[in-house]
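As you go down the protein sequences, you meet chains V and P in turn. Each residue of the first sequence is one higher than the one before, counting from 1 in our numbering. Each residue of the second sequence is one higher than the one before, counting from 1 in our numbering.
Among these hints, one or two may not hold up.
[Claimed, not checked] Anything over 10 angstroms on all C-beta distances counts as not near chain P; from chain V, calculated: (1) Lys72; (2) Asp109; (3) Asp223.
[Said to hold, decoys possible] Label-pair ranges, simulated between beta-carbon atoms: (4) Gly235(P) x Gly198(V): 20 to 26 angstroms; (5) Leu135(P) x Asp127(V): 39 to 45 angstroms; (6) Leu136(P) x Asp127(V): 39 to 45 angstroms; (7) Arg13(V) x Phe177(P): 32 to 38 angstroms; (8) Leu126(V) x Leu32(P): 27 to 33 angstroms; (9) Gly235(P) x Glu185(V): 24 to 30 angstroms; (10) Glu82(V) x Gly5(P): 29 to 35 angstroms.
[What the hints assert, rightly or not] Coverage of chain P stretches by chain V, computed from C-beta distances (three or more under 8 angstroms per stretch; other residues unrestricted): (11) 182-196; (12) 218-225.
I should point out that these hints are in silico values taken from the structure, not numbers from a laboratory. Everything numeric in this text was worked out from a predicted model, so none of it was measured. Backbone N, C-alpha and C define an ideal beta-carbon position, used for all residues, glycine too.
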Amino acid sequence: MSSAVSIENLGKRFRRVSPGRQSLIGRLRRTLSSDEETRDVWALRGVTLDVARGACLAISGPNGAGKTTLLKLISGIFAPSEGRIVVTGKTNAFFQIGAGFQRDLSVRDNVEIAGILMGLTRHEILDRMDTILGFSGLDRVSNIRAAELSAGQQARMAVSTALHTDLDILLIDEILSVGDADFRERCLSAFEKIRAAGKTVLIASHDEVLLERVGTERLEIADGRARILK
Amino acid sequence: MGANGYDLFWMLARTEFRMRDQGTFLGFLWSLLLPLFQFAILYAIFTRWMGGRIENYAAYLLIGIVQWNLFSAGTTHGLTSLRRKAGLVSNFNFPSVFVPLSSTVAVLASHVFEWIVLFCALFALGIEPRWSWLLLPVPVAFAFLLTVGVACVLAFAAVRIRDLDHVWSVFLYGLFFATPIFYSPDIVGGVGKILLTWNPLSILIGATRALVMGGSAPSPTAIVATALFSITIAGAGIILSPRRGGDVAEVL
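Isolated chain P (complex conformation) (with noise of 0.2 angstroms):
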């Protein structure tokens, strides 16, 4: 990639970021509400059942939202690039992988802006700062390439698919109930609980809390299986995306 093809690929982004928030702070806050209003419901709803399980349940919840709406938002986000960037990919020849690819990015700065609030409320909660925090980004790193390589699967796949985005909200809603986001995996037991050692989200969420909060770590097969997975997935959605005067253009 040459000197155009960062520009391109920053402009991209930087497009994407400032038309998802309408490029204002208060276009950001917007996009920090959900999460909000998520913990909020989530809290007053299942601190009775899970606060006398999980020590400070307010951080753990708050740590999962954050880590899954990376996903969430990103593979949402993901899915209907191209097609809101129809009028680009139409009109002028690039790589279109960049579509998704610079939407997850401008998703990804997003969600380091949510872990600054998030490091903000964890010290409101208690939490005190660890030398394992330092390790943060390599959860988030492994989060993000899982999320990039399904991104570009799913935009691809949503050009030919017209209701994709509609299969993958219920897909995504489904996820967030057998991922361990406001309940601790030791609830759920049989397939369940087999379902929750090798749910990648389940992994990565659980080791990011373990580096956050101190606790119980998944286990490091578990780790390193969903770090290869999480390169694999996003080598996979990145090479097998069409390349220049593919047909994306035209389906588009």
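Excised from the complex, chain V in its bound form (with noise of 0.2 angstroms):
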């Protein structure tokens, strides 16, 4: 079966500078002085990973291993210090809790911007807004403010406009625990149906029941390392 995503070696490294370095006289300080007040931090390194198509890849690790960070590599958000990514297909998002909401627009409003954000028209996002609308379960409540929802319904927003795209690659973190147990399902049946139809989820959670249920294939990070358990 042809790789989804295909990774060779990859590590990212991020330069983190102290807070006092940030404004205008530190950074020129820091230009004209050797006192480097910044350090290195290798949030990845040496990662070599294939997903196969249609296969759903369940990533686990401590906080601060490294996951948001691989999800955000392989969509092109972040660029790789080193290695090298293939992705084969549309994955131009990344699904965290709150990601990206308008917090004072209403919840048609975000999915009509994430909708565009994950590369549909005006008018395609718009033919599918009661459909998303109707599988969130926020049809009731789409014309109030983003910022009234609960994390929980945010999710919902967020899940729900990604599994009406046309995003070929999938890769949601962690927006699943905050969801009732009923969404939830419908997620997992979802996942399911996306899957069957050629596409790839990545989903990363600290939720070892729902990764044991979803992946078929499980990936460990800690420390910036990965390790394939299945």
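Could you fit the two chains together into a complex? Lean on the hints.
Next up, the structure:
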């Protein structure tokens, strides 16, 4: 089976700058002096991985292990510091709790924004609006401000939009953990359907039961190093 | 840029406009309040001094304030645009230059409404319509290009330099006085005169006033130099902005 995501010796380094050095004067001092108050932190290093089309890769690991960094690298939001990633298919977004919501706009407006950011035209997302709102169960509150939604409802909005766009690879970070059991079941069933259609799901979570149930492949990340479990 | 690119850009601009003015007519009126307040104070203070030197000082002042506000509001709003949209930039992979660009377009939309109010005020002040008004989009377009270029540079710099908004507000305060908004450039001599002659905002505001009210315009050389400068700044601001997958999302 062909690869949806192929990763070779991937590494991601972040440059940490102390807060005092983020001002204009601090910046000038950093440029002019050799007294560098920055340090490089490798969030991920030496990751080699192949995810087949139609698979569901379940990613686990403690906080700060590098799960989110890996997903952001695959989505193209972050650029690798070393190694390479080949992504076959469309995946330009990344879903975590509260990701990218405009708090002062309505639920409907937020779905439209997210849909366009995920690659749909305005016409396409408006055509799918009722289906998305129906799936999320937010059709009755579609005109309220996104800020008034609970964390679980925000998760519903994000996942529902993602499921109804044309992304080939879905990147989900911890977002299902705040949804209620009924919505979670609907999502898991939707994941099965989109996988059957040849799409790929990568899901990062601390919920071992969820990961065990949903993953066709397991990846554990700890201290920036990745290990395939199955 | 494909169909989605256009939709994305206009969606960002629309969102920015609505969030800036709370999506209401009353919200838009709030954004008019600052220039009106500025006008009232400057007119009250300087009309005795400048009123005798400048014909129809009220119209002169209004045009200066409206044109200044495009640059001032556009760059100030553009500077913070990437930080305000950190949630989008760090969760979706799209060209981040769209953020400051759409932010400046939203300010331009408000500017168009300001011009409508300005035209009403000009009629009330007894300024007769002229054929030269048809050329008004030209200085506005160059002022917009200048604003776009500066806003893009500031937006990406502000991601790394956290106090740049304070630095920029101080710079703008100085630039306000170094631009003939409430005074005539004739009263300035020496080095100040040279600075005023080559200040692009001074030239664009001067050209706008000449088109609206008649009178002397900046020299053709200065106008062409300002036009080329505005195009260069806009081009540099857009072209030098990081592409997709840059490190903006990481720093945000």
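Open item on the list: Hint by hint, where does the structure go against what was stated? Just the numbers, ascending.
Closed with: 1, 2, 4, 7, 9, 11, 12
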